[in-house]
Structure formats: C-alpha cells, structure tokens
Amino acid sequence: MCGIAGYFGSPDMRAPADALLRGMLAALRHRGPDGEGTCRGDGYGFAHTRLSIIDVAAGAQPMANDDETVWITFNGEIFNYVELRRELIAKGVRFRTHSDTEVIIRLYETMGPDCVARLNGDFAFAIWDARLRQMMLARDRMGVRPLFYVRHGAATYFASEAKALFTVPGLQAELDPIALDQIFTFWFPLAPGTIFKGVAELPPAHMLLARDGNVTVRPYWRLEFPDADEVEDSRDEAAIAEEVRALLFDATRIRLRSDVPVGAYLSGGLDSSLVAAMAGRIAHERLRTFSVRFDDPEFDETAFQQEMADALGTDHSAVLCRPSDIGTIFPDVLRHAERPILRTAPAPLEMLSKLVHDEGFKVVLTGEGADEVFGGYDIFKEAKLRRFCARDQQSARRPLLFKRLYPYLPKLQAQSGAYLKAFFATDLGAVDDPLFSHLPRFRSTAGAKLFFSADLKRELQGYDALDDLRSSLPADFTRWHPLSQAQYLETAHLLPGYILSSQGDRMAMANAVEGRFPFLDHRVVEMAAKIPPRLKLHGLTEKHILREAARDLVPPAMAKRPKQPYRAPDSASFTGAQAPAYVARLLSGAAIAASGLFDKVPVEKLAEKASAGRARGFRDNAALTGILSTELWREAFVPAAVTMDSELARQKVA
Amino acid sequence: MNETVLSRVRAFIEENFLFREDVSGLADTDSLLENGIMDSTGILELVAFLESEFDIQMSDAEIVPENLDSIAAIAAYLERKHAVGIAA
Numbered sequence: 001m002c003g004i005a006g007y008f009g010s011p012d013m014r015a016p017a018d019a020l021l022r023g024m025l026a027a028l029r030h031r032g033p034d035g036e037g038t039c040r041g042d043g044y045g046f047a048h049t050r051l052s053i054i055d056v057a058a059g060a061q062p063m064a065n066d067d068e069t070v071w072i073t074f075n076g077e078i079f080n081y082v083e084l085r086r087e088l089i090a091k092g093v094r095f096r097t098h099s100d101t102e103v104i105i106r107l108y109e110t111m112g113p114d115c116v117a118r119l120n121g122d123f124a125f126a127i128w129d130a131r132l133r134q135m136m137l138a139r140d141r142m143g144v145r146p147l148f149y150v151r152h153g154a155a156t157y158f159a160s161e162a163k164a165l166f167t168v169p170g171l172q173a174e175l176d177p178i179a180l181d182q183i184f185t186f187w188f189p190l191a192p193g194t195i196f197k198g199v200a201e202l203p204p205a206h207m208l209l210a211r212d213g214n215v216t217v218r219p220y221w222r223l224e225f226p227d228a229d230e231v232e233d234s235r236d237e238a239a240i241a242e243e244v245r246a247l248l249f250d251a252t253r254i255r256l257r258s259d260v261p262v263g264a265y266l267s268g269g270l271d272s273s274l275v276a277a278m279a280g281r282i283a284h285e286r287l288r289t290f291s292v293r294f295d296d297p298e299f300d301e302t303a304f305q306q307e308m309a310d311a312l313g314t315d316h317s318a319v320l321c322r323p324s325d326i327g328t329i330f331p332d333v334l335r336h337a338e339r340p341i342l343r344t345a346p347a348p349l350e351m352l353s354k355l356v357h358d359e360g361f362k363v364v365l366t367g368e369g370a371d372e373v374f375g376g377y378d379i380f381k382e383a384k385l386r387r388f389c390a391r392d393q394q395s396a397r398r399p400l401l402f403k404r405l406y407p408y409l410p411k412l413q414a415q416s417g418a419y420l421k422a423f424f425a426t427d428l429g430a431v432d433d434p435l436f437s438h439l440p441r442f443r444s445t446a447g448a449k450l451f452f453s454a455d456l457k458r459e460l461q462g463y464d465a466l467d468d469l470r471s472s473l474p475a476d477f478t479r480w481h482p483l484s485q486a487q488y489l490e491t492a493h494l495l496p497g498y499i500l501s502s503q504g505d506r507m508a509m510a511n512a513v514e515g516r517f518p519f520l521d522h523r524v525v526e527m528a529a530k531i532p533p534r535l536k537l538h539g540l541t542e543k544h545i546l547r548e549a550a551r552d553l554v555p556p557a558m559a560k561r562p563k564q565p566y567r568a569p570d571s572a573s574f575t576g577a578q579a580p581a582y583v584a585r586l587l588s589g590a591a592i593a594a595s596g597l598f599d600k601v602p603v604e605k606l607a608e609k610a611s612a613g614r615a616r617g618f619r620d621n622a623a624l625t626g627i628l629s630t631e632l633w634r635e636a637f638v639p640a641a642v643t644m645d646s647e648l649a650r651q652k653v654a
Numbered sequence: 001m002n003e004t005v006l007s008r009v010r011a012f013i014e015e016n017f018l019f020r021e022d023v024s025g026l027a028d029t030d031s032l033l034e035n036g037i038m039d040s041t042g043i044l045e046l047v048a049f050l051e052s053e054f055d056i057q058m059s060d061a062e063i064v065p066e067n068l069d070s071i072a073a074i075a076a077y078l079e080r081k082h083a084v085g086i087a088a
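Note that the protein sequences, when read in sequence, are chains R and L.
Going by the working numbering, the first sequence opens with residue 1, and the numbers climb by one from there.
Going by the working numbering, the second sequence opens with residue 1, and the numbers climb by one from there.
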C-alpha cells in the first residue's frame with residue numbers, strides 16, 4: 001500500500017522533472033512512509049512512496065522489466081499473486097523478486113493491458129510501455145484504491161490523491177459547483193467528476209490507455225445482475241450458504257497474505273465479526289482486533305465488540321471517540337477526504353486507524369462491503385416496504401411496519417403511521433423510477449441545498465443531479481429485480497464514492513494503514529449478485545444467506561443481531577462549550593458572504609439553532625456538516641480562500 | 001385570530017426550517033414534506049413548538065399530515081383545537 005504519482009506527455013519544464021515528481025510525492029508521504037522512488041524517461045515520469053507489506057526487502061518501486069522497457073508504479077495489493085506467479089513460472093517466466101508488483105509486470109509482458117482482468121486485488125497502477133510509447137492506468141473493480149488525473153498543458157498528471165496534483169506548477173484547485181450539488185444530493189460526486197474542477201477520477205473497474213496523444217477510458221469489468229425473471233436458483237438454501245461460506249473463507253485467506261502482521265476491525269456487527277472469526281480460524285494464532293467506541297449510547301457498540309472479542313479470544317484494543325474529538329480532528333479529516341462530506345462518520349475511523357498505527361499494525365481486515373453485496377442496508381428494506389405500501393395505498397397498517405425498520409432511531413418511533421406513510425411513501429407514484437429505492441434519502445439530503453447562495457444556484461442553472469445519475473445507469477438496469485437495482489446504486493456508486501474513499505482509504509491511509517475487504521473480492525461480488533433476492537432480504541431480515549453461512553462461526557446472538565448502521569454524532573461535534581474555534585470563524589456572516597457558496601442569513605440561523613442544541617433533524621445535521629466541511633475544504637485546497645480568509649483575519653487585527 | 005395564528009406558524013417555519021424570511025417562495029398551502037422543508041424528524045420539532053407555543057396537547061392520532069403538512073393546515077388545526085378547547 002502506497003501512494004503513486006506521475007505524468008505522461010510533455011510537462012511544462014519550468015521545474016526540473018525530478019523536482020516535479022518529488023513535489024508530488026511529498027504530498028503523498030503519509031500513504032507510504034517506508035521508502036520512495038522516482039523514474040522518468042522521454043514522455044513519462046513515475047513516483048512512488050511505499051508502505052512495505054509484501055517482499056519488504058526487494059519490492060521497491062517504480063519497478064521495471066528486465067530490459068527496462070516496461071515500468072510500473074503501483075498502489076495496492078494483488079491477493080492472487082501467488083497463484084499468478086506459479087502459473088507464469090510454469091510457462092517459463094523468470095522472477096527476480098517475490099513481490100506482487102513484479103507479477104503485474106510479468107503478466108503485462110505476457111498479455112498486455114488485458115492482464116488487469118486476471119488480477120484479484122485492490123489496486124491503482126500506471127504502466128509505461130516504452131516499446132509502444134503507451135501509458136496505461138488501471139483501478140480495481142470496486143474502487144478501493146484511488147486514482148485521480150488532470151490534463152494540464154501538454155501533459156496529463158495522475159496521483160493517488162488530488163493534493164499531489166496541485167503541487168504541479170500552474171495547477172490550482174477550484175471548486176466544481178456541479179460536484180458540490182451532487183455531494184449535497186448523494187453524499188458523493190458522480191465519477192469521473194470530482195469536487196476539483198477539471199480533475200477526473202479513473203472510475204472503478206476502468207483502465208485508461210494513452211498513445212500518440214489519444215486517450216481512451218474503458219471498463220474492463222461490470223457489476224451485473226440477472227434479469228428479474230431469472231433470479232431463481234434451483235439449489236437449496238443450504239447449498240448456496242455453503243458456497244458463500246467457502247468463497248468467503250478463500251477471500252479472507254488470500255487477504256491474510258502479508259509479510260507483516262494483519263489485524264482486524266471489530267465494529268460489533270455481524271460482518272466484521274465474521275471476517276475476524278474466519279481470519280482467526282485460518283491463521284491459527286491470536287488475532288489482534290481494534291474498534292472505536294462512543295461515549296453517547298446512541299452510537300456506541302462497545303458491549304457487542306467486547307462480546308465478540310471475548311468469543312474469538314482476540315487481543316482487543318479500542319479508542320474512545322467523543323464529539324469534541326470529532327470537532328478537533330475534522331479539519332484534518334477534510335484534508336484527507338479531499339471533498340465535502342455531509343456526515344462526520346469518517347472522523348472516528350481516522351482515530352481508529354491511528355490506534356492501529358500506534359499499535360504497530362499496517363494492515364487490517366474489515367467487514368466493509370457485506371451490506372452492499374448481501375443486502376444489509378436499511379434502505380433495501382425501506383424500499384421493499386415502500387413498494388409493499390404502494391400495492392395497497394388504502395392500508396393504514398402497512399406504514400406502521402416502517403417503525404420496525406429503524407428501532408435505533410427513537411425520534412422515528414414517536415411518529416404516527418400516517419406520517420411515516422407520508423414521509424417514506426411520498427414517492428409512491430414513482431415505482432418505475434430507477435432511483436425509487438433511494439428517492440427519500442436523496443430528497444432529504446438535497447434539503448441541505450436550501451442553504452446554497454443565489455449565486456451558486458444561478459451557476460447551477462437548474463442542474464438536476466438525479467437525472468444525471470439516471471442517465472448513467474446501465475442499459476439493462478430496469479430489467480433487474482428491485483433489490484438488485486438498489487444494490488447496484490449502493491455498490492457501484494455510494495461504495496466507491498463515499499464508503500471506500502471518505503470513510504475508507506483516505507481515513508486509513510491518513511495513518512498509513514491498509515484496509516482489506518473479503519466481502520469485496522470480485523468473486524464474492526459476482527456470486528452474491530446471482531443469489532436470489534429473497535435469500536438476501538428474507539421478509540425484513542437482512543443478509544439472510546450470510547447469517548446462514550456464518551451460523552457456527554459467530555455466537556448465535558451475533559448471527560441474529562439486527563444491523564445497527566455505523567453513525568457518529570454530527571452537530572454535537574461542532575457546538576457546546578468545547579466547540580472548535582473554526583466553527584464560529586467559518587460560519588460567521590462575513591466568512592460565508594466572502595466564500596459566496598452559501599446564503600449568509602440562513603447559515604447564521606442554522607448555526608444558532610445548532611448552538612441551542614435544537615438541530616436534531618437529518619437535514620439540519622447534514623447541512624451543518626456539509627457547509628462546515630465545504631468551507632474547511634476550501635480553506636485547505638483553494639488558494640483564493642486562504643487569501644480571502646487571511647484578509648479577514650488581517651482586518652480583524654487592524 | 002386566524003391571521004395571527006397563521007403568521008406565528010409561518011414565522012416559526014421560516015425561522016427553523018427555511019432559515020430565512022420567505023418573501024415569495026412557500027405558499028400557505030404548499031406541502032412541507034414534498035417541498036423538502038420538513039423531514040420526519042422535523043415533524044417532532046414542529047409538534048414540540050405547537051404544544052408549547054399554543055399550550056395544547058397533541059395526541060398521536062392528531063399527528064397526521066392532514067393537520068401538519070402546510071402552514072394553512074396547521075393554522076386550521078389550531079383553530080379547531082382552540083374552538084374545542086373553549087367549548088370544553
């Protein structure tokens with residue numbers, strides 16, 4: 001796990017190429033503190049900062065083939081490198097190292113760019129082929145590892161994090177209003193767009209090829225579901241559960257490949273418990289586990305974490321996260337996330353990776369992905385219930401079922417059936433809308449756009465993020481089962497756009513920790529997509545087939561426990577006696593007016609409401625977090641914002 | 001009375017849900033839910049306000065969109081509630 005950067009084409013040579021590469025590396029050093037290297041030639045330059053995990057001694061990068069005609073800079077892991085290496089050796093290929101990096105090079109020498117389809121792993125890499133004068137960029141199927149690029153002058157620059165791009169002379173960060181609108185609707189910008197105007201991300205499962213100035217970007221893999229009338233499986237449930245179990249064991253087994261010790265996160269839920277249980281059985285040694293605790297019982301899962309740690313006999317550590325901690329580290333979280341966020345949930349995960357780092361670990365397994373792949377999220381149940389209500393609109397009893405969906409939200413329990421129906425089912429008429437499952441969430445999130453300034457709204461010119469998302473869906477999407485459709489939206493969009501990035505890679509790599517996700521092994525994803533929806537969401541029991549597969553691996557109470565979504569305190573982190581100083585500074589009328597993105601008076605009123613402890617609703621919390629994070633993002637990345645702010649500070653002093 | 005109730009309700013909605021004086025936007029009869037002004041948690045905020053500001057007790061059966069989903073509906077509900085209160 002590492003950071004990569006580089007360019008292809010002809011960079012503007014105001015700075016010497018090596019200084020340019022070193023400058024980009026400096027911005028990524030947190031991702032790989034164990035070593036760094038650069039290489040360059042006519043038409044390309046590569047940089048690499050390394051976190052040594054496999055073949056610690058010989059795995060330095062950038063790495064070349066024997067005659068140095070093929071160069072690679074690679075971030076991530078190829079988990080099936082052992083099998084691929086064996087296969088290549090059997091064909092007569094010779095290896096110099098035991099690294100997974102060399103496996104990619106040798107495979108590329110044999111197959112060219114199509115080699116990417118053979119890789120089972122989490123990766124972002126660049127390969128320069130001097131014989132063809134061709135650059136290849138590639139990114140893993142699920143979007144675990146990041147890769148951003150931007151064209152500037154006669155060159156294209158790429159890097160693991162956008163901040164490295166802005167070390168290139170002449171490149172400056174600028175906010176893209178469209179992406180901001182998307183974030184204030186979906187929680188993420190729609191790939192390939194990013195919040196940085198002009199900067200693209202290479203979408204998950206895509207490769208980019210550049211040769212003679214021609215650049216093509218194409219997918220090499222697609223998340224696919226069977227048509228709704230073909231979802232059934234003639235095998236019995238036990239057989240399917242056994243297949244799930246066997247494949248999960250294998251996915252976990254190859255994710256334990258490492259020359260440094262591997263730990264695991266324990267959230268207190270089924271998914272991470274199952275992963276830790278499988279890892280414990282495979283490794284035959286005492287597993288080191290880590291978790292985050294909250295002092296507010298509304299968010300805390302300490303009892304379940306401890307129960308699981310005891311059951312597995314792991315050596316367990318936890319870090320306590322208080323709202324004031326979130327407030328304190330939030331600016332740092334933004335520098336790593338590199339995009340506005342509407343929830344504070346990434347912050348505790350940065351504290352968790354710090355704990356892991358401080359305990360001497362570089363690699364952790366987590367349960368991330370199970371909810372997407374096996375149908376665990378509440379939004380899937382919510383959509384199913386909304387469809388159920390839509391079939392009998394007169395029923396007064398059906399809407400009461402919504403209360404069963406959210407037992408952990410006390411505020412919702414107090415609502416009448418009529419209101420639940422109105423809130424969850426306002427879009428009843430839209431059962432044919434491809435976004436049906438997500439409309440209530442998108443609508444309540446987009447409520448935060450109420451605070452957009454008139455100037456920003458004018459610039460957006462009635463832009464409709466939902467239409468944009470609809471038009472990006474695969475052609476056969478509408479033929480899929482409703483659960484498959486909702487799973488696709490979560491897996492292909494929210495997962496890479498928010499979960500694996502803002503909550504995942506960026507928070508872990510802030511402390512040089514690599515997350516590994518057995519549930520996101522593409523073999524697991526492909527198999528799960530073919531499992532009949534009724535075995536995933538069984539009535540209103542989520543992840544049914546996974547529970548069956550996990551039966552004797554985790555304590556019975558854990559296997560039955562309903563999902564508690566991972567959440568963290570939002571507005572409470574920014575208010576009260578311990579409110580961080582930046583909150584008043586950034587939300588002041590003068591600062592908001594100067595930044596121009598939000599409407600001054602409403603923001604002041606919202607800040608007052610939050611200070612009085614009255615900002616309890618979803619919309620108010622999302623808005624407050626979103627506005628604060630946008631302003632922190634500007635301060636961290638947009639040079640003009642810093643200038644404007646220093647100007648204000650100067651005036652204050654004068 | 002009706003004017004006063006209506007304007008007090010509007011002022012509360014503007015202050016706490018629109019966060020601005022709404023000169024032209026929201027009509028008295030516009031749905032608060034459908035226009036994204038109120039979410040399911042906001043309803044409880046509204047109920048708490050009505051109970052303290054107008055000194056009433058709302059039963060669960062009264063917490064329905066017909067009574068609460070627009071400024072006009074809220075005012076009409078308060079009118080009815082008030083009338084019942086006096087009659088009793």
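Simulated from the structure, these hints should not be mistaken for laboratory data.
Hints may be right or wrong, so weigh each one.
Here are the computed distance ranges between Cβ atoms for each label pair [unchecked claim]:
{"no.": "1", "chain 1": "R", "residue 1": "Gln413", "chain 2": "L", "residue 2": "Glu66", "range": "20 to 30 Å"}
{"no.": "2", "chain 1": "R", "residue 1": "Ala612", "chain 2": "L", "residue 2": "Asp55", "range": "18 to 28 Å"}
{"no.": "3", "chain 1": "L", "residue 1": "Glu21", "chain 2": "R", "residue 2": "Ala612", "range": "15 to 25 Å"}
{"no.": "4", "chain 1": "L", "residue 1": "His82", "chain 2": "R", "residue 2": "Glu459", "range": "12 to 22 Å"}
{"no.": "5", "chain 1": "R", "residue 1": "Asp392", "chain 2": "L", "residue 2": "Asp55", "range": "30 to 40 Å"}
{"no.": "6", "chain 1": "L", "residue 1": "Glu21", "chain 2": "R", "residue 2": "Asp392", "range": "19 to 29 Å"}
Each residue gets a CB set at the ideal place from its N, CA and C atoms; glycine is no exception.
A quick look at each hint next to the structure:
1. R/Gln413 - L/Glu66: 20 to 30 Å: For L/Glu66 against R/Gln413, whose Cβ atoms are near 21 Å apart, the range 20 to 30 Å holds.
2. R/Ala612 - L/Asp55: 18 to 28 Å: holds (21 Å)
3. L/Glu21 - R/Ala612: 15 to 25 Å: holds (19 Å)
4. L/His82 - R/Glu459: 12 to 22 Å: Since the Cβ atoms of L/His82 and R/Glu459 sit about 46 Å apart, the hinted range of 12 to 22 Å is violated.
5. R/Asp392 - L/Asp55: 30 to 40 Å: holds (39 Å)
6. L/Glu21 - R/Asp392: 19 to 29 Å: violated (42 Å)
Hint compliance for this structure: hints 4 and 6 are broken, all remaining hints hold.
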